Amino acid sequence: MAKTIELDDIDIFELWQEKIWLGQEFLTWLWLCSEIDNNFTLKGDLAVSVWFENTLKLEKGEGPAKQQLTCQNSNQVIGHEWIEAFTGVARNKQVSAGKLHLRTEDKEWSLTLPADTLTPKSVKLLAGADFTNSGEDKADQIGSLLDKTAVLIELNSVIEALLRSFLELRLSKEWELVELPRLRTWVQRWVKEG
Amino acid sequence: MGFVKGSATMTRYKITEEPSEGLTDEFIAERLLQNAFVDIENSSEESSLGWVEFFDHLSTGFPAESWRFGQIIGFNLRLDERKLSNRILNRYYAIAEANLTKETGKKPNTTKRRQLKEALRADLLRRSLLDTKLIGLLWLPENQELWIDSAGDKNRALFEELWSRTFGLNIKLLVPVSMGLSILAESQKEQLLRLTSVPFFEGE
Chain A
-17 MAKTIELDDI
-7 DIFELWQEKI
3 WLGQEFLTWL
13 WLCSEIDNNF
23 TLKGDLAVSV
33 WFENTLKLEK
43 GEGPAKQQLT
53 CQNSNQVIGH
63 EWIEAFTGVA
73 RNKQVSAGKL
83 HLRTEDKEWS
93 LTLPADTLTP
103 KSVKLLAGAD
113 FTNSGEDKAD
123 QIGSLLDKTA
133 VLIELNSVIE
143 ALLRSFLELR
153 LSKEWELVEL
163 PRLRTWVQRW
173 VKEG
Chain S
169 MGFVKGSATM
179 TRYKITEEPS
189 EGLTDEFIAE
199 RLLQNAFVDI
209 ENSSEESSLG
219 WVEFFDHLST
229 GFPAESWRFG
239 QIIGFNLRLD
249 ERKLSNRILN
259 RYYAIAEANL
269 TKETGKKPNT
279 TKRRQLKEAL
289 RADLLRRSLL
299 DTKLIGLLWL
309 PENQELWIDS
319 AGDKNRALFE
329 ELWSRTFGLN
339 IKLLVPVSMG
349 LSILAESQKE
359 QLLRLTSVPF
369 FEGE
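First to last, the sequence lines map onto chains A and S. Numbered per this note's numbering, the first sequence spans residues -17 to 176. Numbered per this note's numbering, the second sequence spans residues 169 to 372.
Please keep in mind that the hints were generated in silico from the structure rather than gathered at the bench. Small disclaimer: the values here were computed from a predicted structure and weren't measured. Heads up, some of the hints might be wrong.
Here are the in silico distance ranges between beta carbons for each label pair [said to hold, decoys possible]:
#1 L226/S with K155/A: 28 to 34 Å
#2 K25/A with S365/S: 23 to 29 Å
#3 D27/A with D321/S: 34 to 40 Å
#4 Q54/A with S227/S: 42 to 48 Å
#5 T52/A with E189/S: 46 to 52 Å
#6 A47/A with L268/S: 51 to 57 Å
Calculated lysine-lysine pairs in the DSS-like style (CA-CA distance at most 25 Å, straight line) [stated by the list, open to error]:
#7 K25/A with K357/S
#8 K357/S with K1/A
#9 K182/S with K357/S
#10 K103/A with K322/S
#11 K106/A with K120/A
#12 K322/S with K1/A
#13 K173/S with K81/A
#14 K173/S with K106/A
#15 K357/S with K155/A
#16 K301/S with K103/A
#17 K1/A with K42/A
#18 K173/S with K48/A
#19 K1/A with K182/S
#20 K89/A with K173/S
#21 K106/A with K182/S
#22 K120/A with K301/S
#23 K301/S with K106/A
#24 K285/S with K275/S
#25 K120/A with K173/S
#26 K182/S with K103/A
#27 K25/A with K120/A
#28 K173/S with K103/A
#29 K182/S with K25/A
Selected chain S positions facing chain A (in silico; Cβ < 8 Å) [to be verified]:
#30 S188
#31 F230
#32 R236
#33 L306
#34 S332
#35 F335
#36 L337
#37 P344
#38 V345
#39 G348
#40 S350
All C-beta atoms in this analysis are idealised placements derived from N, C-alpha and C, irrespective of residue type, glycine included.
My request is simple: use the sequences and hints to build the entire structure.
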């Protein structure tokens, strides 16, 4: 019987440094897919809409050779918002952080997602429940904490479902044969037109 | 505090070990009390690191209702620090040494100089203001996860040190690769460990 892989047996910090590119590949894939069609159907028929806004950070290389690019989505011409970012991706820069929206059937979040950790920052719940106004009363504060925790658990599970979808594709033959050519065609189209 | 008010920022950990006696109220309260924050306001200690209650960072009594909220557990890490720069210490030392030389008519020897510097350091530390850092922690036993409302290497190291000293339970940082290992089927985990980066575009 094959040995099972347990987190406890692994030096996560070392593995994290070795595969720091994984989060960047995921965010780059997520951004490009969201540009092609921002509706994702994930495991368990979970429907999620994803769109990136404002600022996208891209990078390539490591150490002193690292090249970074911050793209602002300020161009008002529809379809041309991210020309600079598409050009960066065509030169093999990858998304290192992005500000995005995630929307499920009953909730919508805005958050910043850094590629190195994929743990959300600056999370705001835009629809679904109000967790921003906790009263001074202790019971109100506890209620607010429990509500907010439940919403963050749900957000993390959405991010993990997206990551799982990416990894299953990334580990399959379909990645090289179908997905990468599809993404390349999309990016090159915008780079040529831009 | 990000977990209660305003927008949230977090670092996630997977808890990969259960306490041998089970996650009882006694286990948690006893360890929190043993590693509670100690006030250094009226001392010359440079720093103090410990736990304080979730909704009251001045309290360290830890009755169960201060840390158990339904199915989740919460408390805060508190670090109080006072900093004294070498520039300031040397400035006061130079004055003190000059005064001593004037009084005694001779320069102090090595032992005397060291004693003078240590006494000055303790005195200046006692007079300098404390800075307080709070990091909120949520423990989600049902999800076997820990969250801290903070990001960055320094805060993470601070939390991991206090967690290890207090509970000694193994935790693993949840980052893309460890998340992948947590959510993928067994047959795909080995593939993930072998996976290498491939450029999206050829050339360049």
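Hint check:
A hinted range of 28 to 34 Å for the beta carbons of L226/S and K155/A is inconsistent with their spacing of about 59 Å. Separation of K25/A from S365/S is about 25 Å and conforms to the stated range, judged on CB atoms against 23 to 29 Å. As the Cβ distance of D27/A to D321/S is approximately 39 Å, the hint placing it in 34 to 40 Å holds. At roughly 46 Å, the beta carbons of Q54/A and S227/S sit within the given window of 42 to 48 Å.
Checking the proposed 46 to 52 Å range against T52/A and E189/S shows it holds: the Cβ atoms sit about 51 Å from each other. Between A47/A and L268/S the beta carbons are some 55 Å apart, a value that agrees with the proposed interval 51 to 57 Å. Among the hinted pairs, K25/A with K357/S is consistent with the structure: their alpha-carbon atoms are about 18 Å apart, no more than 25 Å. Taking the CA atoms of K357/S and K1/A, the gap is about 14 Å. The hint holds against a cut of 25 Å.
At most 25 Å may separate the alpha-carbon atoms for a hinted pair to count; K182/S and K357/S meet this at roughly 17 Å. Proposed proximity of K103/A and K322/S is supported: the alpha carbons are some 17 Å apart, at most 25 Å. Under the criterion of a C-alpha separation no larger than 25 Å, the hint pairing K106/A with K120/A is consistent with the structure, at around 22 Å. As the CA atoms of K322/S and K1/A are separated by approximately 21 Å, the hinted pair is consistent with the 25 Å bound.
Note on K173/S and K81/A: the hinted pairing holds, with a Cα-Cα distance of about 20 Å set against a maximum of 25 Å. At roughly 11 Å between alpha-carbon atoms, K173/S and K106/A fall within 25 Å of each other, so this suggested pair holds. Between K357/S and K155/A the alpha-carbon distance is near 16 Å, which keeps this suggested pair within the 25 Å criterion. The straight-line distance between the Cα atoms of K301/S and K103/A is roughly 19 Å, inside the 25 Å bound, and the hint therefore holds.
The suggested pairing of K1/A with K42/A holds, with an alpha-carbon distance near 14 Å, which does not exceed 25 Å. Note on K173/S and K48/A: the hinted pairing is violated, with a Cα-Cα distance of about 36 Å set against a maximum of 25 Å. Note on K1/A and K182/S: the hinted pairing holds, with a Cα-Cα distance of about 18 Å set against a maximum of 25 Å. Among the hinted pairs, K89/A with K173/S is consistent with the structure: their alpha-carbon atoms are about 19 Å apart, no more than 25 Å.
Between K106/A and K182/S the CA atoms are separated by roughly 24 Å; this keeps the pair inside 25 Å, and the hint holds. The hinted pair formed by K120/A and K301/S meets the criterion: a straight-line CA distance of about 22 Å does not exceed 25 Å. The hinted pair formed by K301/S and K106/A meets the criterion: a straight-line CA distance of about 24 Å does not exceed 25 Å. Between K285/S and K275/S the alpha-carbon distance is near 14 Å, which keeps this suggested pair within the 25 Å criterion.
Using a Cα cut-off of 25 Å, the hinted pair K120/A and K173/S holds, with the two alpha carbons roughly 13 Å apart. Of the pairs offered as hints, the one joining K182/S and K103/A holds, with about 18 Å between alpha carbons and a cut-off of 25 Å not exceeded. Distance restraint check for K25/A and K120/A: the Cα-Cα separation of roughly 38 Å exceeds the 25 Å cut-off, and the hinted pair is therefore not satisfied. The suggested pairing of K173/S with K103/A holds, with an alpha-carbon distance near 14 Å, which does not exceed 25 Å.
The straight-line distance between the Cα atoms of K182/S and K25/A is roughly 22 Å, inside the 25 Å bound, and the hint therefore holds. Because the beta carbon of S188/S sits about 15 Å from the nearest beta carbon in chain A, more than 8 Å, this interface hint is broken. Because the beta carbon of F230/S sits about 16 Å from the nearest beta carbon in chain A, more than 8 Å, this interface hint is broken. With 8 Å as the threshold, the beta carbon of R236/S stays out of range of chain A, its nearest partner Cβ sitting at about 10 Å, so the hint is violated.
At about 6 Å, the closest approach between the beta carbon of L306/S and any beta carbon in chain A falls short of 8 Å, and the interface hint on this residue holds. The interface hint given for S332/S is violated, since its Cβ lies 14 Å from the closest Cβ of chain A, which is over the 8 Å cut-off. The closest approach between the C-beta of F335/S and any C-beta of chain A is roughly 16 Å, which is over the 8 Å cut-off, so the hint fails. Given the 8 Å rule on beta carbons, the hint for L337/S is violated: about 11 Å separates it from the nearest Cβ of chain A.
For P344/S, the interface hint holds, since its Cβ comes within 8 Å of a Cβ in chain A; the closest pair sits about 4 Å apart. The restraint placing V345/S at the interface with chain A holds, with a minimum CB-CB distance near 5 Å, inside the 8 Å limit. Contact between G348/S and chain A, as hinted, is supported at the beta carbon level, the nearest pair being about 5 Å apart and thus within 8 Å. The closest approach between the C-beta of S350/S and any C-beta of chain A is roughly 7 Å, which is under the 8 Å cut-off, so the hint is satisfied.
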